[in-house]
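Protein sequence lines, in the order shown, are assigned to chains A and B. Heads up: the first sequence runs through residues 1 to 173, numbered per my numbering. Heads up: the second sequence runs through residues 174 to 603, numbered per my numbering.
Since the hints were derived computationally from the structure, they do not count as laboratory data. Incorrect hints may appear among the rest.
List of simulated lysine to any residue pairs, SDA-like, C-alpha gap at most 25 Å [unchecked claim]:
no. : chain 1 : residue 1 : chain 2 : residue 2
1   : A       : K59       : B       : N540
2   : B       : K575      : A       : K117
3   : A       : K117      : B       : I183
4   : A       : K56       : B       : I183
5   : A       : K61       : B       : S298
Letter by letter, the chains look like this.
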Amino acid sequence: MFGSDSIYMPSKSRKKKLRIGWFTFTCSEDSSIILLELFNEHYFEWKEKIEFAHCKMIKSKNDQTGLDVAFIEGAISTDTEKKKLLEIRKNAKKLVAVGACACTGMPSSQRNNFDDKAKEEITPFLKQHGLWGKVLTVKDVVPIDDSVPGCPMDGKMFVSLLDRYFVDFGIVN
Amino acid sequence: MHGPDFDITIENLSKIEGHTALAVAVKDGRVSEVHLEINENKRFFTQAIRGKPAISAPQTLSRICGTCSIAHHMCCIEAVENAFGIVPSDQTMLLRHLLMNGLMIRDHAMHLYLFCLPDVFKKDSILDFSDKGTEHELIHKAFDIKSVGNAISTIVGGRAVHAPFPVVGGFIKIPKKEDLSALLPKLRAIRDAAIEFVDIFLNCRFSLENEGAFVSLINRDYNFLGDELATSLGICIPEHRFADYLAKSVIPYSQAPGFKFEGMPYSVGALARMNLNGSSLRPETKQSLPKAISVFPSKNTFHNNLAQAIEVVQCIDASIAIIESFDPKPETPLQVKPKAGTGVGVIEAPRGTLYYHLDVAQDGRVNRANLVIPTSQNQIKMEKDIGVLVEQCLKRRMPRDKISLEIEKLIRAYDPCMSCATHFLKVNWK
Numbered sequence: 001m002f003g004s005d006s007i008y009m010p011s012k013s014r015k016k017k018l019r020i021g022w023f024t025f026t027c028s029e030d031s032s033i034i035l036l037e038l039f040n041e042h043y044f045e046w047k048e049k050i051e052f053a054h055c056k057m058i059k060s061k062n063d064q065t066g067l068d069v070a071f072i073e074g075a076i077s078t079d080t081e082k083k084k085l086l087e088i089r090k091n092a093k094k095l096v097a098v099g100a101c102a103c104t105g106m107p108s109s110q111r112n113n114f115d116d117k118a119k120e121e122i123t124p125f126l127k128q129h130g131l132w133g134k135v136l137t138v139k140d141v142v143p144i145d146d147s148v149p150g151c152p153m154d155g156k157m158f159v160s161l162l163d164r165y166f167v168d169f170g171i172v173n
Numbered sequence: 174m175h176g177p178d179f180d181i182t183i184e185n186l187s188k189i190e191g192h193t194a195l196a197v198a199v200k201d202g203r204v205s206e207v208h209l210e211i212n213e214n215k216r217f218f219t220q221a222i223r224g225k226p227a228i229s230a231p232q233t234l235s236r237i238c239g240t241c242s243i244a245h246h247m248c249c250i251e252a253v254e255n256a257f258g259i260v261p262s263d264q265t266m267l268l269r270h271l272l273m274n275g276l277m278i279r280d281h282a283m284h285l286y287l288f289c290l291p292d293v294f295k296k297d298s299i300l301d302f303s304d305k306g307t308e309h310e311l312i313h314k315a316f317d318i319k320s321v322g323n324a325i326s327t328i329v330g331g332r333a334v335h336a337p338f339p340v341v342g343g344f345i346k347i348p349k350k351e352d353l354s355a356l357l358p359k360l361r362a363i364r365d366a367a368i369e370f371v372d373i374f375l376n377c378r379f380s381l382e383n384e385g386a387f388v389s390l391i392n393r394d395y396n397f398l399g400d401e402l403a404t405s406l407g408i409c410i411p412e413h414r415f416a417d418y419l420a421k422s423v424i425p426y427s428q429a430p431g432f433k434f435e436g437m438p439y440s441v442g443a444l445a446r447m448n449l450n451g452s453s454l455r456p457e458t459k460q461s462l463p464k465a466i467s468v469f470p471s472k473n474t475f476h477n478n479l480a481q482a483i484e485v486v487q488c489i490d491a492s493i494a495i496i497e498s499f500d501p502k503p504e505t506p507l508q509v510k511p512k513a514g515t516g517v518g519v520i521e522a523p524r525g526t527l528y529y530h531l532d533v534a535q536d537g538r539v540n541r542a543n544l545v546i547p548t549s550q551n552q553i554k555m556e557k558d559i560g561v562l563v564e565q566c567l568k569r570r571m572p573r574d575k576i577s578l579e580i581e582k583l584i585r586a587y588d589p590c591m592s593c594a595t596h597f598l599k600v601n602w603k
């Protein structure tokens, strides 16, 4: 089959990269800041090994399909976020919850424990903007493969996890 | 080409902090509506801290924002100390100034070099920068500068995000002289690169001039923690009276409120600071950057980027001066004796004037809190600027996709922080 053989042959010189997406939901985006701080030391190494397919912080043209790993920062507090997270899960071989809000819900889920007075105060706003009264963790909505806890996420744990994925996905030997 | 009536919608703006969408309606070739929808999901921090000990509020409220957490931390500490009548020591204030300098270097470097620089180089992302030559070197320099800001925060505050060392009454750990001194060669090493970035933003021709007032703290040494508020309208205000001049607007399509100053749209941030307090920059900063500094006062919104680039140099110089003269002494945080009171904190966060008002009960617990956030203050002016920009683009018969790009560049110039803007809810108290 001459035709099919000629369609695409990956070049041996073209390195395989880990295709990742970084997504933020209900949070302060402090783990995103840690990622950008880790760039100070790792950017040039990671640029060789990682394809940042979706990372709204640093690029406007983003694609969330066919991901090796999706990193999820933040808790889930709306129907829209839930729908988006389910879609990301479908598109990612591995899904990682990063930071306290994603892993434990807090502090984004503070309102889950509000007293009646505080709940009454915020209810009109919740209704107006379609926010849930009860905020969920990432694993409440989709299965997760790994997590990087901390408020913000622990940078060293994140780097170790990434190094493991480089091996697991055959990016490095 | 587009017809006389059309809409521009940008669902998720990139290369800014947080989540924002924009809708612009054009009718008969004129802008009829601009809706900047800050849709970062609210987390209700002002309700969350009610009834909690005021001394714990700074750590909790620093979680409002990832990138400028130290600014929230400092502002809340100031408000709590004012409520309890605590006067921090000179050493504590010196360390707080240093911490703020580290924050400004790191935060401005992130915004300018990672988010805005691609606009200047007509690229989508730093990822598209060349792997060799000038572009490659600039990225190296950007990370070098950013990491020094990070190092200052780590040594003084314990870490760059949600710093554990600063508390009400002082610091729980005083940095060692040798650790601070180790920062000096690093600060000196990045200074030329920071000046190079000033030149890049000075030579950038992006421009949008529009009417509106400016508000910022002014003082004698361009610090970010005092002393009184000044406006381009010629009004000077003591910190505790700032809220008296503000009118809050609920913006139904946005999760953040907007504000007007004396009935006028206004802006806060580096451009306001340079316009109102630029004469207080350090002498060596002035000496190194005469051309860039002469641009101010300016009404060009894009000069906010230039002002931030100048502030990076100012913060490097101010940090060197503080560290050279600093002789740390053992000191524990001042004792807190809870009492009923009201405390106001006003500081300059990277994105502008940040205001905290706390009412504290006799037992030292928070009764209520009111926060005014820089991005909320800029929101109405931002919408007006976007309208002016789109009108200009329409006159130049610019295609819609190009107009969207121009709008994104303008919004980025404001350096908005959506996490900050939405994570509290003001309640009308009876």
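The hints, checked one at a time:
no.	hint	result
1	K59/A - N540/B	violated (42 Å)
2	K575/B - K117/A	violated (48 Å)
3	K117/A - I183/B	violated (37 Å)
4	K56/A - I183/B	holds (13 Å)
5	K61/A - S298/B	holds (9 Å)
Violated hints, listed in ascending order, are 1, 2 and 3; each of the other numbered hints is respected by the structure.
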